[in-house]
Amino acid sequence: MTHYLFIIVGAVLVNNVVLVKILGLCPFMGVSKKVETAFGMGAATTFVLTVATGASYVIDHYLLMPFGLEYLRTLSFIVTIAAIVQLTEMVIQKSSPVLHQVLGIYLPLITTNCAVLGVPLLNIAYKYNFVESLLFGAGSAVGFSLVLVLFAGIRERVEGADVPVHFRGVAIAMVTAGLMSLAFMGFTGLDKYQ
Amino acid sequence: MLQQLFKFKGGVKPDTNKTPSVQLPIGIAPLPALLIVPLHQSIGGMPNPLVEAGQRVLKGQRIGGPDKWVSSAVHAPTSGTVLAVEERIAAHPSGLPTLSVVIEPDGRDEWIERTPLDHTALEPERVREILRDSGVVGLGGAVFPSHAKLAPAKSVPMEDLVINGAECEPYMTCDDMLMRERPEEIVRGIGIFRDLLQPQRVLIGIEDNKPEAVAAMQAAVHRLGESYAVVAVPTRYPAGGAKQLIRVLTGKEVPASKRSPEMGVQCFNVATAYTAWRAIAHGEPVLSRIVTLTGNVEQPRNWEVLLGTPLKDLVALGQPRPDTNRYLMGGPMMGFEMPSLEAPIVKASNCIIAGSPALFPPAPPEMPCIRCGACAEACPHELQPFEMYWFSRAKNFGKTQEYNIFDCIECGCCSYVCPSRIPLVQYFRFAKSEIWSRERDKNMADAAKARFELRNERDEREKAEKAARLAKAAAAKAAEKKAAPEAGKETAAADSPVDAEAAKKAAIAAAMERARVQREGAQPKNTDGLTVAQRKEIAEIEARRVPLQPEQQTAFDAENAENAEAQSSRREKQ
Amino acid sequence: MTHTATPPTATKMALRTAVILFLFVVIFTGLLSGAYLWTLPTIEAAAAGEKMKLINEVLPPGSYDNDLLKDTVSIAPTVALGQDEASTAYRARKNGKASALVLEAVAPDGYAGKIRLLIALGADGALLGVRVTQHKETPGLGDYIEPRKDKNKDRPWITQFDGLTPATAEERAWKVKKDGGNFDSVAGATVTPRAVIKAVRKAALYVAENRAQLFAPQ
Amino acid sequence: MNFNTPPYLTQNVSVQHVMLQVLAALLPGIAVYVWLIGPVVVVQIAITTAASLLAEAFMLRLLNKPLGLFLGDGSAIVTAWLIALAFPPLAPWWLLVVGALFAIIVAKHLYGGLGQNPFNPAMIAFAVCIVSFPALMSQWPPVDLPSGVLDHLALVFGYSPRIDAMSGATPLDTLKTALKLGDGSASVASVMADAHTYGYFAGKGWEWVGAAYLLGGLWLWQRRIISWHAPAGFVGGMALLAGGLWLWNPGQFANPVFHLFSGGSMLGAWFIVTDPVSGCTTVKGKLIFGLAAGALAYVIRVFGGYPDGVAFAVLLLNICVPLIDLYTQPPIFGMKGKP
Amino acid sequence: MLSAILIMALGAVVLGAALGYASIKFKVEGNPLVEKVEAILPQTQCGQCGYPGCKPYAEAIAEGEAEINLCPPGGQEGVRKLADLLGREVKPLNAEEKPKQIAIIDEQTCIGCTLCIQACPVDAIVGAAKQMHTIVEALCTGCELCIKPCPVECIRMEVIEENIDNWKWKYPVVEIKRVA
Amino acid sequence: MTRDEFRQIAANGIWKQNTSIVQILGLCPLLAVTTNLVNGAMLSLATIIVMAISGLAIASLRNLIPHEIRIPVFILVVAALVTVVDLLFNANLHELYLVLGIFIPLIVTNCIVLARVEAYANKNPPLHSMFDGIFMGVGMLWTLSLLGGLRELIGGGTLFSGIDMVFPGLHPLQLFPSDYPGLLLAMLPPGAFILLGCLIAWKNWIESRAAARQHRRAPEPMAAGGLH
Ligand SMILES: Cc1cc2nc3c(=O)[nH]c(=O)nc-3n(C[C@H](O)[C@H](O)[C@H](O)COP(=O)(O)O)c2cc1C
Ligand SMILES: Cc1cc2nc3c(=O)[nH]c(=O)nc-3n(C[C@H](O)[C@H](O)[C@H](O)COP(=O)(O)O)c2cc1C
Ligand SMILES: Cc1cc2nc3c(=O)[nH]c(=O)nc-3n(C[C@H](O)[C@H](O)[C@H](O)COP(=O)(O)O)c2cc1C
Ligand SMILES: Cc1cc2nc3c(=O)[nH]c(=O)nc-3n(C[C@H](O)[C@H](O)[C@H](O)CO)c2cc1C
Ligand code: SF4
Ligand code: SF4
Ligand code: SF4
Ligand code: SF4
Ligand code: FES
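Protein chains in written order, with this note's numbering: chain A, 1 to 194; chain B, 1 to 574; chain C, 1 to 218; chain D, 1 to 339; chain E, 1 to 180; chain F, 1 to 228.
Chain A on its own, in the form it takes in the complex:
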């Protein structure tokens, strides 16, 4: 039980995908201008990432490994993820315009989120089993959403600040992300009992 807890805490805080593992930065920088949209993006990513880890695990263990086709991981994972994302988006758009407003518009962006491929690959590197993989996937996604929303909060505030001209916009956002990452280094060592 504590083992699972450590996986989750590790994925959310200690080895945060964005700030420590440096994955999924493009949406992190791109969709963090408003807290509201950050929430949407976070929710959508959480969904996709969890599904992606599950699907990748199944593909890896039941299609690739039995035939010694590990080299097809990248290819098969990403194509499957892209297709799932696209399907989900279409279904949501049709079935629930409200949900589409909240989540759907972010879905297409997620295919190019490194975390979506990176986390399944890390799962394999860490030799996680199915439950662990799912927890790690979900934990990473929550970690992503968490820092995304917090970052958006800061960006909203910093937007009003008297930032030197050349640093306005993305530059100061980068610096902010850096300082956030610095703060997250405080969690170092909290997962060593893993």
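Keep in mind that the hints were calculated from the coordinates and are not lab data.
All values derive from a computational prediction rather than experimental measurement.
Do not take every clue at face value.
[Said to hold, decoys possible] Straight-line C-alpha distance at most 27 angstroms; calculated DSS-like pairs for lysine-lysine:
| no. | chain 1 | residue 1 | chain 2 | residue 2 |
| --- | --- | --- | --- | --- |
| 1 | E | LYS55 | F | LYS203 |
| 2 | C | LYS70 | C | LYS51 |
| 3 | E | LYS81 | B | LYS395 |
| 4 | B | LYS432 | E | LYS27 |
| 5 | B | LYS395 | B | LYS442 |
| 6 | E | LYS91 | E | LYS55 |
| 7 | E | LYS98 | B | LYS442 |
| 8 | A | LYS34 | D | LYS284 |
| 9 | E | LYS25 | B | LYS442 |
| 10 | F | LYS16 | F | LYS123 |
[Claimed, not checked] Label pairs and their in silico Cβ distance ranges:
| no. | chain 1 | residue 1 | chain 2 | residue 2 | range |
| --- | --- | --- | --- | --- | --- |
| 11 | E | GLN76 | B | GLU104 | 41 to 51 angstroms |
| 12 | E | GLU67 | F | ALA212 | 14 to 24 angstroms |
| 13 | D | GLN252 | A | HIS3 | 15 to 25 angstroms |
| 14 | F | SER208 | E | ALA95 | 28 to 38 angstroms |
| 15 | B | PRO361 | E | TYR171 | 20 to 30 angstroms |
| 16 | F | ALA212 | B | GLN401 | 52 to 62 angstroms |
| 17 | E | GLY50 | F | SER208 | 18 to 28 angstroms |
| 18 | D | LEU67 | E | TYR171 | 21 to 31 angstroms |
| 19 | D | GLN252 | C | ASP162 | 34 to 44 angstroms |
Each residue gets a CB set at the ideal place from its N, CA and C atoms; glycine is no exception.
The hints should help you fit chains B, C, D, E and F with the ligands onto chain A, whose structure is shown.
Relative to the frame of chain A, chains B, C, D, E and F with the ligands by itself:
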């Protein structure tokens, strides 16, 4: 009577500086050489001018008629001649001119006929009309037409009538002196409000730094046998804000989204009550008001001043000291700097403070907000001024609204306590007026879009019709062509008359159609969906066109010049 | 979703996209598989080379003549080695005689987690070499256990193990100077070396105990 | 147009006034620190102050802002003093300078300067340095280091090699290292008995510095420069967690009083979580900020990789400030009891 | 190699079919984003953005084909709002911001040719053929489209002047910069 | 393709539409692998190969690809290419392959690859697309190298560390004195973010200076245009 008092959060305690101006009784200001009476002296619609240059007016004669229900009449403060109805600089922070009636007093102070009435004998509706026509507006500072506040809410019973004698602004003593010297008329005026609103209680709140006024009011209430409670409330700015006073006296908090009657309370200033009494019981419209003249003057005192008296005439009475560099209208917390010595005293001018660099030192440089939270602690509306400031400064107005900028009463407590000396209120006013202006723009954009779409639709339709017509014509022609040779071959003789007749008919129809279209064209188009005012404007424009009817087209060029001249002169007259 | 609700175009569309995607997949997977088969031998050689490179760091050159990667023995999870998974030990032979053993060990109590080690022991039980293969010690502080990061280039800290034998060396030899031992260490970062020393010692003792079994011919 | 705007009256307060009082409140702590370590502490404060003011002047110049107005506001000096007090007292001079430059230039002026920085500059300085130079940042002298001022200065200015004797001896670090060695033999009691650095209000020990900060903080509270919420939250958060674990296993976890009076706890509680600029501003927010910072600081110092967690805890909470503030908006006038 | 191709092909067929099926089955018309963008544009319909009106520009923005800083009537504020909506970077407006203005027809010169009526996108001009035309002030959006077509050049633009009703509180001057 | 077009594509890729500091895409490799110059440069090279070939391939095949499944198909093509590159690195630069870790396969999700494919190759002829891919990659190459070099230098005072993994005979340069303590922060994620922030600010500064110069020169054409 023991009255339970409530507290409001926040507030500040600046030095009151009230003593200098209560040493002398209210003086009557002499008649100035010229009176400049702005037509727009209250919230609501701009009153229409009722006089013209050169006209003689009597004291109390209406010179501006209320425009809508929320609007209030304006009267000649004395008898004399109207010199002009023109734009004159206003007692307004913008320093911009506003339409004013300039009157040269004849010194005779000749009244119109006054009809004292007994309000108890009148329909409530009639009383409100009289108040409106007498120009009774809130003299507590907001100058909201009082008659509009005198209708109880339909669903909520009126519980409390709060009378505001708090006068929390430093320096200001006009209400204090009024309560000391004319308490009975105030109490009688309150009676009018009470009868109209039928509240269960009447509470008169007076800050406890005015014991004389409390005593005088208590005595008057007693004398007149009323059951009003005269309550001394703790001295703390802005205890006189309507919402704060209501909170202190009744414990109710009126949110910004509601009007106080919806919570069973209404609030009036003492001076408003006084003018209401004068208007009903003496038939005297509001022609003057008590103005505190204080600050950097040798002779601080309250004066009863005719509305329209230029500032320079008033301040001369107080003998300003030589280092006086500006005059504030209103208190030091909420007032503004008068743009000019020519600007007139208006209904909202409760106090004029002569300022000097020593008295009101120039604002120290604004530092950035350090989010110390002092402003939030001081804010009587429990807002987060620094957040509102942060987003106003960044012009992120959506966010300012999320932080309830429209709940801000602009009391200035936040600026007062700010260690960074930020003119917070100024930022809030800026944000508010930007938001309003944007709202206006948005409405205009929506209207424009609707009209654009309407026009597009019409264009489409017309195009389609035209295309259809052309097609029809083409088809007819083709049929004709087809028919003609055959007819020529076989039954040319027999059919040709019919055909010719048909062609003739068609030609006539076409001509008629053309004429109709032309007629239609002569009418202004696109007039659907316009407001009455716009239609009026169009009608006026049409009127100008009358000499330009088609028959006169030949003479067009010649007449054009004349016409234009006539028009331009007419315009000038306006 | 029932079939009747399906407009015919959807099925047709599905067929079309399926075929196109199918074609693309076949072509590109084919290409990819070709590339895989083509690079496979090189990759395997590179991986083996990598492993040998590490092994050669702990084994003196010329101390063996067999193919270590083929002469392995599997060790079940062992507490003494800090391992909770089965690991592989490589056996070096010279002229057919067992000369050394290369095995993996883990120091569980590094400053920031596990430190993975590769240890080579001679047939006589003396340490031939130790290398850190993986660790999370603080960069710039505890990472001097890696020769690459060690400021002391002439005699990297990790080489202090060379030649030690747990059996003969006294207790003292297995302590950092701060604890009264012989091992140098960087002031302010003695947690790391203590962990490494402890792990190496345990591993050496383990090998000494299980000598027969580990060096047994295949 | 004259933009002197209403209100025309203001209270006689200024940013400078506020900052000077904070500096004054730090004095008792500094005095005790000097008594404990020596006058070198004052030298360290002078170094950071000079570096901060220079950096501030440089940035103001670069950004075309009025020098006099902002140099005089005192905020850079508060930052500088806090940096000096958070760093090891014998840290080399350049380390302090690097910290001060980072604090003023990156953490403060890149965000527009005074009042606009989302992160606490002093804590950024600390975090940057402990991440970059962990060895130097964890070398604390024992309180009874047998050396004079000149030796100290030689250490600070690099004329003397860093000696083993002065490393890693704050009570926190001693305790943590001992417990971490992990053969189970060490217990809090055995370590503390050994650590003469911790005097328990009897001898010469670090806890006196904490007590002096507490005094200064209380004075600030009495002057209404700070409110009680954030400090109380911090103390509460740390005490609750420390107390709980201590009751559960007193052999492995030190008691709450120890934690509250060691490391940066008291400085943090009264001077750092109270930073108005980078902290929460709503009442509830301040409480949450304090509580979470206290608890996190404890978790990091006890379970994490760094000897003390105050700086990281504060920075982590700085990240959350905008959202905490957003979701703890107090109800406004007339809207109580409504969402 | 064969197994690789077979497995991937299997996946491809499944996914391809699903996608193709869904693309028809779940087709949605229209783009709700266009409406949101259009709500921000000032509806001046002036075409200065290079598109024939606000709606086409909105469509282009929603498609991601157009920059967001092309609408001068919307001003910098409009750019900001669009950036907010679309999560793009705020860019400086690619034209100078003009104060609000309205068109005035010089009634002495107007020959009543109706060309301006046809040009005005919001029906702000009234008048009939061969009659003098006038602009309804409240409706004019200041788009300047009526100026060019007028054969006698009788239309001019006038900046709307500040008066007490449209007066706005000014942004407090940030004094810090001045003191330096 | 004309010279002008070529120049335009080059300018776009290298500066005007630079992926890293203008489009702010492809950030993960930009920040994750730039702990030194060599890593940054080598990953960029891998990306260049992928981008060039995928641009070429997709631009050639674009007419065959139905709109509905274009994203999966693009990704398929890119992923296949990436895997090939991954295999090549594994075979020939094994040590570097281990260092770069999952960031080689992650070129697939590098937003910039898909973004260029979708935004450019999908609409332009093959040769253009290939050059677009190459120059986008070159833009990435210099930014990654610059960032990697800076981080390495500030963090440890060296340059080209790890070069021996690519060219076994070469050695890194020690630029600062050996007692330079090294600002470790620069090597860690926070340092990467902050330095990239500074790089972007630097770009903004250059552009604003260029704009200012343009502005000063501008009046002449304006006056000429004002005549009619
Ligand atoms: C369009 C409009 C309608 C209003 N109607 C009422 C009303 O019916 N009753 C009322 O008491 N106040 C009404 N108000 C008035 C404001 O709330 C007014 O400022 C307030 O009554 C006076 O209180 P104050 O001076 O606190 O500011 C109205 C204001 C406006 C702008
Ligand atoms: C901050 C503030 C302070 C005020 N102070 C007073 C005051 O001292 N006396 C007063 O009569 N009205 C004061 N007012 C105006 C009252 O809010 C309210 O408009 C008035 O009492 C309503 O009565 P009236 O309509 O008769 O003016 C103040 C308003 C504000 C916003
Ligand atoms: C941020 C930080 C990282 C540290 N990393 C290590 C490390 O990796 N290895 C280590 O042995 N000590 C490390 N330490 C030092 C220990 O905390 C402890 O101070 C030291 O090991 C005990 O002192 P000593 O080595 O003088 O006995 C670190 C300290 C800090 C503050
Ligand atoms: C009560 C109080 C606490 C402060 N704490 C800090 C602090 O922890 N760190 C710091 O850099 N500045 C601190 N300051 C100074 C100032 O707020 C800080 O430099 C700003 O963050 C600079 O914008 C403090 C100021 C006050 C009034
Ligand atoms: S009082 Fe001034 S400095 Fe303090 S929070 Fe409010 S606005 Fe900011
Ligand atoms: S002016 Fe507005 S924000 Fe300031 S204290 Fe008054 S109500 Fe609050
Ligand atoms: S420039 Fe603006 S107002 Fe004019 S048509 Fe384009 S979007 Fe509409
Ligand atoms: S009148 Fe002229 S300027 Fe005004 S909206 Fe119509 S075309 Fe535009
Ligand atoms: S490169 Fe864009 S999300 Fe990773």
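Going down the list of hints, with the structure as the test:
no., hint, verdict
1, E:LYS55 / F:LYS203, "violated, 35 angstroms"
2, C:LYS70 / C:LYS51, "holds, 12 angstroms"
3, E:LYS81 / B:LYS395, "holds, 11 angstroms"
4, B:LYS432 / E:LYS27, "violated, 44 angstroms"
5, B:LYS395 / B:LYS442, "holds, 17 angstroms"
6, E:LYS91 / E:LYS55, "holds, 21 angstroms"
7, E:LYS98 / B:LYS442, "holds, 18 angstroms"
8, A:LYS34 / D:LYS284, "holds, 23 angstroms"
9, E:LYS25 / B:LYS442, "violated, 38 angstroms"
10, F:LYS16 / F:LYS123, "holds, 20 angstroms"
11, E:GLN76 / B:GLU104: 41 to 51 angstroms, "holds, 50 angstroms"
12, E:GLU67 / F:ALA212: 14 to 24 angstroms, "holds, 22 angstroms"
13, D:GLN252 / A:HIS3: 15 to 25 angstroms, "holds, 21 angstroms"
14, F:SER208 / E:ALA95: 28 to 38 angstroms, "violated, 19 angstroms"
15, B:PRO361 / E:TYR171: 20 to 30 angstroms, "holds, 23 angstroms"
16, F:ALA212 / B:GLN401: 52 to 62 angstroms, "violated, 37 angstroms"
17, E:GLY50 / F:SER208: 18 to 28 angstroms, "holds, 26 angstroms"
18, D:LEU67 / E:TYR171: 21 to 31 angstroms, "holds, 25 angstroms"
19, D:GLN252 / C:ASP162: 34 to 44 angstroms, "holds, 38 angstroms"
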